[in-house]
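Participant: Use the sequences and the hints to build the structure in full.
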Amino acid sequence: MPLHTASGTDAQRGGLDITLSLPYKEALAVGPADADDLASFLHSALWGLSVLRTGKDHRLEEGEGQAQPVSTDDWPGLISTLETVRTTLLAGITAAAIRAHHASGGSVGHLALGMDTARSTAQARQDKVLKNPVTEWEIWATQPTESQPDNSDGWAYTIDLHPEEAATVGFEAERFADWLDTALWALVMLRTGINPRAEGGPRPAGPDDWYWVFVHLVHRLEPRIKGITDAAVRTHAGMEGTVTDLAVAMGVPTKTAQKRREKIVNAFPNGWERWALMGGTQGGDHTEEDAANPAFHVPLPAHVTQVVEIAAKDGRVGTTCNCGWTSEDRTVDTVQAAQWGEAHKAEMAVKDTTLSRR
Numbered sequence: 001m002p003l004h005t006a007s008g009t010d011a012q013r014g015g016l017d018i019t020l021s022l023p024y025k026e027a028l029a030v031g032p033a034d035a036d037d038l039a040s041f042l043h044s045a046l047w048g049l050s051v052l053r054t055g056k057d058h059r060l061e062e063g064e065g066q067a068q069p070v071s072t073d074d075w076p077g078l079i080s081t082l083e084t085v086r087t088t089l090l091a092g093i094t095a096a097a098i099r100a101h102h103a104s105g106g107s108v109g110h111l112a113l114g115m116d117t118a119r120s121t122a123q124a125r126q127d128k129v130l131k132n133p134v135t136e137w138e139i140w141a142t143q144p145t146e147s148q149p150d151n152s153d154g155w156a157y158t159i160d161l162h163p164e165e166a167a168t169v170g171f172e173a174e175r176f177a178d179w180l181d182t183a184l185w186a187l188v189m190l191r192t193g194i195n196p197r198a199e200g201g202p203r204p205a206g207p208d209d210w211y212w213v214f215v216h217l218v219h220r221l222e223p224r225i226k227g228i229t230d231a232a233v234r235t236h237a238g239m240e241g242t243v244t245d246l247a248v249a250m251g252v253p254t255k256t257a258q259k260r261r262e263k264i265v266n267a268f269p270n271g272w273e274r275w276a277l278m279g280g281t282q283g284g285d286h287t288e289e290d291a292a293n294p295a296f297h298v299p300l301p302a303h304v305t306q307v308v309e310i311a312a313k314d315g316r317v318g319t320t321c322n323c324g325w326t327s328e329d330r331t332v333d334t335v336q337a338a339q340w341g342e343a344h345k346a347e348m349a350v351k352d353t354t355l356s357r358r
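In this text, residue positions in the sequence shown follow our numbering: the first is 1, and each later residue adds one.
The hints are simulated quantities; they were obtained by calculation from the structure and are not laboratory data.
Keep in mind it's a predicted model, so treat the numbers as computed, not measured.
No incorrect hints appear here.
Subject to a maximum C-alpha distance of 25 Å in a straight line, what follows is the list of computed DSS-like cross-link-like pairs (lysine-lysine):
| # | residue 1 | residue 2 |
| --- | --- | --- |
| 1 | Lys259 | Lys226 |
| 2 | Lys226 | Lys56 |
| 3 | Lys128 | Lys226 |
| 4 | Lys255 | Lys226 |
| 5 | Lys226 | Lys263 |
Cβ pair distances, simulated, as ranges:
| # | residue 1 | residue 2 | range |
| --- | --- | --- | --- |
| 6 | Leu113 | Gly14 | 40 to 50 Å |
| 7 | Ala103 | Arg197 | 14 to 24 Å |
| 8 | Trp212 | Lys255 | 37 to 47 Å |
| 9 | Ser40 | Gln148 | 13 to 23 Å |
| 10 | Ile139 | Arg175 | 23 to 33 Å |
| 11 | Gly200 | Val248 | 46 to 56 Å |
| 12 | Pro23 | Thr244 | 41 to 51 Å |
| 13 | Pro163 | Leu130 | 42 to 52 Å |
| 14 | Glu262 | Asp208 | 37 to 47 Å |
All C-beta atoms, glycine included, are put in the ideal place defined by N, C-alpha and C.
Facilitator: What follows is the structure, given as structure tokens:
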């Protein structure tokens, strides 16, 4: 993958630099403008993870001093970026990939395997694409771009993380960059019909190529982006952010924003929202290699003062999360608690200020 990293003294700010790049022919197909938009989205997502987990903003201009606590006004911008890219660029790439997968002979079972979902869910998602008019963003994903590389070197974009950001999200940042590179690779295939990275040399894109697009963009990236967004919405509400600001950020009417916020705030945080706040894994989506990596075991954020689970006498499970911005007490019934599974409970246990992972 065209991904380069530098850390410590070799990084721009002493933390971690991640450089995404495309060779000239791929950059010619994607275009630097579209590539920049996707890379900027990745940068915003990583910033969101960092501020959710540390409560501090490290994106300061040189000479501005120490990182400051994140404010209520910071969240709408993050929510807007995540929602906009998720519902436009990423949605267009995914829909076009579903159509291309079907056209190249890919089965619904193969689609379901890539998305890691039930066959019926994959069928419904494919039907939604194939039985409806092509959307504006699906057209965007398949059309050649007018934006051209400045030179024959291709395209490159560097994301530079502060040391504390790197310590908090550095391990996941590289995975996110890998998935983002898959989005760029998908654009190349959608706009040229060719997989330039195939073993043995370029060849027409086929079902197995689209399979990996679904693994990375649908199975891995989608739920994480939703988790970050939901955590940002909940935190914005906890800091008394207005529904009006949220509506503008989401690009929806105020009533719609109100309903979406109430749905998030009035429900117990799901696994991916908890992941956005505390790191680690959710739902077993990790490998033995992940578990063996010290960076995978994320220290408890300083602004999270307590995370405990209590088995109540009535069979309900209560979870208390006292954060620097807001305190929430939620209970869920026994059935929901069982659905979390032992692995999820282990993720929430606090031992010596370190989250226990399995």
